[in-house]
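J.: Chains A and B, in that order, give the protein sequences.
The first sequence runs -17 to 130 under this note's numbering.
The second sequence runs -19 to 278 under this note's numbering.
Hints should not be assumed to be uniformly reliable.
[Said to hold, decoys possible] Just the calculated beta-carbon pair ranges, DEER-fashion: (1) Ala91(B) / Ser87(A): 44 to 52 Å; (2) Ser233(B) / Arg43(A): 25 to 33 Å; (3) Val213(B) / Asn52(A): 48 to 56 Å; (4) Ala91(B) / Val92(A): 35 to 43 Å; (5) Pro37(A) / Glu145(B): 31 to 39 Å; (6) Ala266(B) / Leu21(A): 44 to 52 Å; (7) Val92(A) / Val205(B): 26 to 34 Å; (8) Thr50(A) / Pro251(B): 41 to 49 Å; (9) Pro(-2)(B) / Glu66(A): 52 to 60 Å.
[Unchecked claim] To be clear about the criterion: a stretch of chain B counts as covered by chain A if any three or more of its residues have a C-beta under 8 Å from a C-beta of chain A, and this derived list gives those stretches: (10) 191 to 201; (11) 232 to 238.
[What the hints assert, rightly or not] Selected chain A positions facing chain B (in silico; Cβ < 10 Å): (12) Arg26; (13) Trp39; (14) Glu47; (15) Gly48; (16) Leu70; (17) Asp76; (18) His91; (19) Val92; (20) Leu100; (21) Thr102; (22) Ala111; (23) Ser116; (24) Arg124.
No lab work stands behind these hints: they were computed from the structure.
Just so you know, even glycine gets a beta-carbon here, dropped at the ideal spot from N, CA and C.
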Amino acid sequence: MSRRGGSPAVHGREEVKGVALRGVEASAVRRRIHGVPNLGDLERAVMHRLWAAAPGWLTARDVQEGLTTNPATTTVLTVLGRLERKGLVTRERDGRAHHYRAVGSREDHVAELMNDALGTAADRTAALARFVGSIPPEERARLRDLLE
Amino acid sequence: MEVAALALLVLGVALAEPVSRALAAAHWPARDPVGALLVWQAVGLAGGLALVGAGAVYGLAPLGPDLPAALAVLATRPEALLTVGLPHLLGLVLGLGLAGWLLAVMGATTARTLRARRRHCDLLDVLATPWPAVPGAHVLDHAMPVAYCLPGRRARLVLSVGTLEALDPAQVVAVLAHERAHLRERHDLVVLPFVAWGATAPFVPGMVQAQVAVAALIEMRADDVATAHTRPVELACALRTVGGAVPAAALGSFATALDRRLARITAPPAPLPGPLRALVRLTAAALVALPPVALLVV
């Protein structure tokens, strides 16, 4: 089965279940297809590595050794720097070595995304547009009560 | 100039309350969502301009027969402002204060929205998997069905694994078409001022009704675009499935809004006839032109 062409929905749906469940492995598959490793894939892979090691601290070298794609150390450092700026990774200096750790667990972050997606976050903005429509502002509090 | 100030005040108050309430309760917007959205933008813009303008015009009335003349006096002799008297000075302060407040609220909401989007996008980058078959779409590994889009420079379409499991491919296409319409027509910018002012002035019923009405209208519009691409039954099924699974389904007002949308998709009302659609757009343009004409001419 070709991975491109055909009806995107039929195709995509079959494909996406596999992709979603296999996560990092699937990224490697896609890289083979498209030939170019991209920064997004690498960020995801680095976060998975840090989450797997949590609550322990890892050096850039530890992170690099855990990745199947063998990126250069400088690339791993760049990615760690980006993740640190985004507030997803924290860094501590121990002598000459820098140690990295994920800020919050994977589950915490998924919960945060789902809160936004379901309209249960306290935030009074229209940051995203939900398929089911927006929740009236005065109902947000009731909705949060229902969920607790 | 006092007459112009009074006319602007009446116009501003009328738009903020009785006109907004009537527009929110009207049935025709469901037959012409785009026209109705234009009228809402015009009502918001004209209402704000009229109220700010009323204060400014009344405040400067003693300085000249019309606003340009008064401003010319003010430009050559700024100290003339002190001679207008307390009531006029108060009007000026109120008008400028309202303008400052409206702009500050807009700015703060915009900043908060952009921050929330950036955070959401950063998390998506490490948690959601890009969907190669659908450019710009990402899949979130969660069993609960959700579908949404994140507008802006880094626009994203997001579906959860739960959605992909609950819907068949034609229904997924309908959901994607609906969300793409939101992104393409920048509905986030259409709702932004109403969200901003509705959130900070919940004591003005017109503003809250405007926010709810505009939110409903962008969904109607996106539904119309989606049903132009797919069969309405696919969109309705998808909406029933995804809508029924969210916690908000337990809320009365949310369920009512969902039922209205489903009814409109399955039995769409006849679109407004051409001449009426033209009239709606002309009305919107005339509304926006009204306050500047009153400010400069009267």
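J.: The structure should be examined with respect to each hint, and the outcome stated for every one.
T.: Here's how the hints hold up against the structure:
no. : hint                              : result
1   : Ala91(B) / Ser87(A): 44 to 52 Å   : 29 Å, violated
2   : Ser233(B) / Arg43(A): 25 to 33 Å  : 55 Å, violated
3   : Val213(B) / Asn52(A): 48 to 56 Å  : 50 Å, holds
4   : Ala91(B) / Val92(A): 35 to 43 Å   : 26 Å, violated
5   : Pro37(A) / Glu145(B): 31 to 39 Å  : 33 Å, holds
6   : Ala266(B) / Leu21(A): 44 to 52 Å  : 51 Å, holds
7   : Val92(A) / Val205(B): 26 to 34 Å  : 30 Å, holds
8   : Thr50(A) / Pro251(B): 41 to 49 Å  : 55 Å, violated
9   : Pro(-2)(B) / Glu66(A): 52 to 60 Å : 54 Å, holds
10  : 191 to 201                        : holds (count 6)
11  : 232 to 238                        : holds (count 4)
12  : Arg26                             : 5 Å, holds
13  : Trp39                             : 18 Å, violated
14  : Glu47                             : 20 Å, violated
15  : Gly48                             : 15 Å, violated
16  : Leu70                             : 6 Å, holds
17  : Asp76                             : 25 Å, violated
18  : His91                             : 5 Å, holds
19  : Val92                             : 6 Å, holds
20  : Leu100                            : 6 Å, holds
21  : Thr102                            : 7 Å, holds
22  : Ala111                            : 4 Å, holds
23  : Ser116                            : 5 Å, holds
24  : Arg124                            : 6 Å, holds
When each numbered hint is compared with the structure, violations occur for hints 1, 2, 4, 8, 13, 14, 15 and 17.
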